[in-house]
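Trainee: Listed below, chain by chain, are the residues.
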Amino acid sequence: MSFKKEPCNYSLTNSPGISIPALMNYLAIACVVTILGYTGLQSPLAYGDPTADRQAMRALYQKRFPDIPVEAHKDGVYAFDQDAREQWLELEDFPPYEIAIDEGEELFNTALADGASYSDCFGDGAVKGQYPYFDENRSEVITLELAINDCRSQHDDQPLAYNGPEIARVAAYIAFLSRDQIIAVAEPTSPAALAAYNDGKRFYSSRKGQLNFACSSCHVQLAGKRLRSERLSASLGHVTHWPAYRLKWQDVGSLHRRFARCNQQVRAEPFAQQSPEYRNLEYFLTYIANGLPLNGPAIRK
Amino acid sequence: MNSSNNKIGSAIALALMLIAGLLLSACTKQSPNHDPAALAKNAVDQAQTKYQASEQAAYAWVPAKVALTLATGAFEAGDMETALIEAERATMLTEASLAQAKVEQNAWLERFPKPPASTTETREKP
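For the protein sequence lines, the chains are A and B, in the order given. If you're matching positions, the first sequence starts at 537 in my numbering and goes up one per residue. If you're matching positions, the second sequence starts at 691 in my numbering and goes up one per residue.
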């Protein structure tokens, strides 16, 4: 291994007591230390480890919302805004996502091109708790929506559009069957899984768009405060309840659709649904939410 | 004699000045730097290149894309003035987004919540 000396633009000055070869050695060592320090900053280890991240996030929200148990964040903003919670509970009496669940059930039981059905891939369908996970063979994060389309491809059927209504309905039915499962994403330990996790973590904390906002700007720094008339939720419960029926959409939609809308709101160009960027973000957020129960589909504004 | 020489000299000088002026004007008009279509095309190309760089960096901005789309549309419609204005706007916005990408390379790490000192000592087992 050789280190170029060019980056060190030192000039030899009169330095009594130090010989020129010794001075050059010191400077070479300083160069090596600087380079190693810089590369060390870029390595996954320098980003911290996932367990510490999860503890840091939970500690932050416990400090911010001392009267609210961590598990209560599964309800998002309705965990700490009583007025909004009452309205939300009334909506849940006759939930508008029921139709999507029924349609999802019908799609789930419809034969695929080769005569098989989704149950050949997902058994009884209560599998939401297994996603997302990092597939070491494919070296990528597998989400439920990606698995649904993988299942279709395995059975000679066309994949569904990720921004279309059908995949959201199948996912809504699976989410309904998986209610109360506890999120338990395995800790990323392999270099590839850690890279995906850190990519999601970096996305979460990076300011984007013309308004210069990161996910964490609203959901860490400003969590619990109001943005115009809306109170900002904590990130801990962001993944528990998808797909969700949003009143704004008048339909059931995916978590990635929400990510895209968040990006657009800060005037950043959104990524495609199920892009590696959003899948890694989902992986990070779901790992952070380990221990919380799934409660999708749900209603959100 | 002298006065007629002076008149001839003045006339020659005036003629030379007129010719020089006409040549200069003709050269200026032929220069691509002052051709509105060439200027607009150059500006649109530059904006597109920079916008692609911001997309590759995953830091593209919506208003930059809007300005670029307007610039391209105006150029195709032959509205060079609008094309130039929108292309310059797109370039300016894209340069800002690339600056954001550069800052965020390291800034995000400082922003992430730090674990409390006590919890790092009692970490859960994986």
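The hints are simulated quantities; they were obtained by calculation from the structure and are not laboratory data. Do not take every clue at face value.
[Stated by the list, open to error] Some chain B residues judged to face chain A by a derived CB distance under 7 Å, without partners named:
| no. | residue |
| --- | --- |
| 1 | Ala703 |
| 2 | Trp751 |
| 3 | Arg801 |
| 4 | Ala807 |
All of these numbers come straight from a predicted model, not from anything done at the bench. Positions of the beta carbon are idealized from the N, C-alpha and C atoms, including for glycine.
Trainee: If a hint holds in the structure, say so; if it doesn't, say that too.
Mentor: Now the hints, each set against the structure:
For alanine 703 (chain B), the interface hint is violated, since its Cβ never comes within 7 Å of a Cβ in chain A; the closest pair sits about 57 Å apart. About 5 Å separates the beta-carbon of tryptophan 751 (chain B) from the nearest beta-carbon of chain A, less than 7 Å, and the hint is met. Annotation: interface hint on arginine 801 (chain B) holds; nearest CB of chain A at approximately 5 Å, less than 7 Å. Violation of the interface hint for alanine 807 (chain B) is found here, the shortest Cβ-Cβ separation to chain A being roughly 10 Å, above the 7 Å cut-off.
Violation of the numbered hints given earlier is confined to hints 1 and 4; the remaining hints are satisfied by the structure.
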